[in-house]
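Q: Sequence lines, in order, name chains A, B and C. Anchor point for the first sequence: position 42 equals 42 in the working numbering, and the numbering is continuous, going up by one each time. Remember, the working numbering sits 1000 above the position in the second sequence when you count from 1. Remember, the working numbering sits 2000 above the position in the third sequence when you count from 1.
No lab work stands behind these hints: they were computed from the structure. Because the structure is a prediction, the values reported are computed rather than measured. Mixed in with the good hints, there may be bad ones.
Derived lysine to any residue pairs resembling SDA-like cross-links, with alpha carbons at most 25 Å apart [what the hints assert, rightly or not]:
{"hint": "1", "chain 1": "B", "residue 1": "K1099", "chain 2": "C", "residue 2": "A2040"}
{"hint": "2", "chain 1": "A", "residue 1": "K37", "chain 2": "A", "residue 2": "D3"}
{"hint": "3", "chain 1": "A", "residue 1": "K37", "chain 2": "C", "residue 2": "P2400"}
{"hint": "4", "chain 1": "C", "residue 1": "K2356", "chain 2": "C", "residue 2": "P2400"}
{"hint": "5", "chain 1": "A", "residue 1": "K37", "chain 2": "C", "residue 2": "Q2355"}
{"hint": "6", "chain 1": "B", "residue 1": "K1099", "chain 2": "A", "residue 2": "L9"}
{"hint": "7", "chain 1": "C", "residue 1": "K2097", "chain 2": "A", "residue 2": "F61"}
{"hint": "8", "chain 1": "C", "residue 1": "K2356", "chain 2": "C", "residue 2": "L2459"}
{"hint": "9", "chain 1": "A", "residue 1": "K37", "chain 2": "A", "residue 2": "S2"}
{"hint": "10", "chain 1": "C", "residue 1": "K2356", "chain 2": "B", "residue 2": "G1101"}
{"hint": "11", "chain 1": "B", "residue 1": "K1074", "chain 2": "C", "residue 2": "A2295"}
{"hint": "12", "chain 1": "B", "residue 1": "K1099", "chain 2": "B", "residue 2": "A1069"}
{"hint": "13", "chain 1": "B", "residue 1": "K1099", "chain 2": "B", "residue 2": "T1075"}
{"hint": "14", "chain 1": "B", "residue 1": "K1074", "chain 2": "A", "residue 2": "Q41"}
{"hint": "15", "chain 1": "B", "residue 1": "K1074", "chain 2": "C", "residue 2": "R2391"}
{"hint": "16", "chain 1": "B", "residue 1": "K1099", "chain 2": "A", "residue 2": "S2"}
{"hint": "17", "chain 1": "B", "residue 1": "K1074", "chain 2": "A", "residue 2": "L9"}
{"hint": "18", "chain 1": "C", "residue 1": "K2356", "chain 2": "A", "residue 2": "A21"}
{"hint": "19", "chain 1": "A", "residue 1": "K37", "chain 2": "B", "residue 2": "D1128"}
{"hint": "20", "chain 1": "B", "residue 1": "K1099", "chain 2": "C", "residue 2": "Q2355"}
{"hint": "21", "chain 1": "C", "residue 1": "K2097", "chain 2": "C", "residue 2": "A2040"}
{"hint": "22", "chain 1": "C", "residue 1": "K2097", "chain 2": "C", "residue 2": "S2024"}
{"hint": "23", "chain 1": "A", "residue 1": "K37", "chain 2": "C", "residue 2": "K2097"}
Given next are the chains, with one letter for each unit.
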Amino acid sequence: MSDETDRALESLIAAAAELLALPIEPAWRPAIEANLKATLQLAATVVEFELADDLEPAPVFNA
Amino acid sequence: MELDAPDVVAAVRAAFEHYEVALVTNDLATLDTLFHADPRTIRYGIAENLYGHAAVAAFRAQRSPQGLARTRAKTVITTYGRDFAVASTLFYRDGAAGKVGRQMQTWVRLPQGWRIVAAHVSLIDDPDQALS
Amino acid sequence: MPEAMLAWQSAAAIVDAVSSGRSSAVAVIEATLTRIDASAARLNAFTAVTRERALAKARAIDAARARGAPCGQLAGVPFAVKNLYDVAGLATLAGSKINRRLPPATADSPLITRLEAADAVLVGALNMGEYAYDFTGENAHYGASRNPHDPAHMTGGSSGGCGGAVAGDLVPLALGSDTNGSIRVPSSFCGLFGLKPTYGRLSRARSFPFAASFDHLGPLARSARDLALAYDAMQGHDTADPVSAARQIEPVLPCLDLATRGLRLAVAGGYFRRGASAEAIGAVARVAAALGATAEIEIPQAARARAAAYVITAAESASLHLPRLRSEAHEFDPAVRDRLIAGAMLPAPYVMAAQKFRRWYREQVLRLFQSIDAILAPATPFTAPRIGQQRVRLDGVEVPLRPNIGIFTQPISFIGLPVVVVPVPLAPLPIGVQIITAPWREDVALRIAHRLEQDGVALAPRPAL
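Same shape as in the complex, but just chain A (with noise of 0.2 Å):
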């Protein structure tokens, strides 16, 4: 990921952890940021694979 992106991240921990109210010590930033910088390149590899508009998720609900 490059420089941009990576600040990108850090924009993203800061906004969303006022949006969800979590609060976060400044000591957890870096293990926050590598955690979900490797989520979200695992996370690019599944939205890359192109599936079909009305391919159905997997959880089926009945009513």
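Fit chains B and C to the supplied structure of chain A, relying on the hints for placement.
A: Same frame as chain A, now just chains B and C:
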């Protein structure tokens, strides 16, 4: 020269998707139309090297329509100016686990519309089936 | 029956001894409680010992037998449960400090009830990785559970205490949970037989969740027969668990000795060989050779499946714990807290894409089972690392240890396939092999496991304690 001008990208993407549908449904008429009708058109296929539009069309005509369905990943379309683009995509076929296909196309905006002037399709062992 | 004879007994042997009268249930339980007490510092497997309850149950079993009443099919078998199971009178800790403040559970989990209905005896609750978000068995509040084969090494997790208690000869049977590998990893590291049944097979009612899309409950034991005994007693639809499948009980015990010749078997290639140590590859090869399995099969997009499972787990667990993260963030195990917080910040489209991919992948993998009965794969890429180890070398690259422990288990639980892990007794540490079958075919997996055990290829090695 402007790269990735939004209207140009949109036009090429539409042509690309049009080609994709034609490919998986074996729509020969559309496939033959979207490749530039010219002896300088080249297509390197999975198991064949085809020179000229006639050779490409002949290949299409005798190709089995079975097993053409595929799932694409990481489609990248880059446009240079208003008349030139490169489209690259990875693809996976059911029943060919562990392999990834690569398709690269050079698109040019000719008077008759966007056309593929060169293409390359090949298959390798999937290097991405690895650890994070 | 002298105490020494009760050591390293299978559940089946205990049932035999108690129902025939050669041993009293009280003697079995007293010997068990003594061993548990003696093990506390060395193994750190238990977080609670339900001494009085266990002795009362044992006395009841002996009294019933004296009256001539028939004994249950698990008569006198001591068992323990991961501390995310509700045990009446105990707060369900789920490996946390925060849950100590919860009121005690009012009723046992139905799996405990069903085992005790068969005359098994609950002796206590077991240590686990906090809130199950763990593959090591380490825990900042309760200490690491220690591997009986080498206490400087981890049991694996998150059902760490289960691995330690069964491999450490404290109980022959433990109940754990498996979301991305938490039964299979400790089974592998501790040299045990473990069963992660089909998603929806065993009721998860009255247990503390982790990621609802993937949570499974199941047993760990020292033999395939003991797994089958426990599993049969626990089966059955439970409306209290919304994902509990409305299926008939399908006993596997009668199928255990059926021939395995004729089963179509294959070894998982590609992803399931990358990053696997020589021990992992060797163990799978040994099992494959014993079964005459020469074919190799590729599970398509397994890496992407693992990624999708990771994403969904991160999102679901974060959502579950959000209120606690808001008010009690400091009370979490730091290793768990930071991952949970990160998970709360995942954009929704990524999680939704993962669930769509799951349907695609499920369809692809189920198609494989049209031409195959079981797939063999390593349970873990390596044998048990040292407690506290942070990094590991895989495929020539140094990577963080913890998330990579589950690379081979995660793509399988992602779509709820049943798995039996069989232990291959390597030295100095054992390692497990996954026997993966089609949904609802636990019978095939257990039958294969039993065959391997009969042939001496799979064995729960006894630690030199």
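Q: If a hint holds in the structure, say so; if it doesn't, say that too.
A: Verification of the hints:
{"no.": "1", "hint": "B:K1099 <-> C:A2040", "in the structure": "violated, 51 Å"}
{"no.": "2", "hint": "A:K37 <-> A:D3", "in the structure": "holds, 12 Å"}
{"no.": "3", "hint": "A:K37 <-> C:P2400", "in the structure": "holds, 14 Å"}
{"no.": "4", "hint": "C:K2356 <-> C:P2400", "in the structure": "violated, 28 Å"}
{"no.": "5", "hint": "A:K37 <-> C:Q2355", "in the structure": "holds, 20 Å"}
{"no.": "6", "hint": "B:K1099 <-> A:L9", "in the structure": "violated, 33 Å"}
{"no.": "7", "hint": "C:K2097 <-> A:F61", "in the structure": "violated, 35 Å"}
{"no.": "8", "hint": "C:K2356 <-> C:L2459", "in the structure": "violated, 39 Å"}
{"no.": "9", "hint": "A:K37 <-> A:S2", "in the structure": "holds, 11 Å"}
{"no.": "10", "hint": "C:K2356 <-> B:G1101", "in the structure": "holds, 22 Å"}
{"no.": "11", "hint": "B:K1074 <-> C:A2295", "in the structure": "violated, 32 Å"}
{"no.": "12", "hint": "B:K1099 <-> B:A1069", "in the structure": "holds, 15 Å"}
{"no.": "13", "hint": "B:K1099 <-> B:T1075", "in the structure": "holds, 17 Å"}
{"no.": "14", "hint": "B:K1074 <-> A:Q41", "in the structure": "holds, 14 Å"}
{"no.": "15", "hint": "B:K1074 <-> C:R2391", "in the structure": "violated, 31 Å"}
{"no.": "16", "hint": "B:K1099 <-> A:S2", "in the structure": "violated, 29 Å"}
{"no.": "17", "hint": "B:K1074 <-> A:L9", "in the structure": "holds, 22 Å"}
{"no.": "18", "hint": "C:K2356 <-> A:A21", "in the structure": "violated, 30 Å"}
{"no.": "19", "hint": "A:K37 <-> B:D1128", "in the structure": "holds, 18 Å"}
{"no.": "20", "hint": "B:K1099 <-> C:Q2355", "in the structure": "holds, 23 Å"}
{"no.": "21", "hint": "C:K2097 <-> C:A2040", "in the structure": "holds, 19 Å"}
{"no.": "22", "hint": "C:K2097 <-> C:S2024", "in the structure": "violated, 38 Å"}
{"no.": "23", "hint": "A:K37 <-> C:K2097", "in the structure": "violated, 28 Å"}
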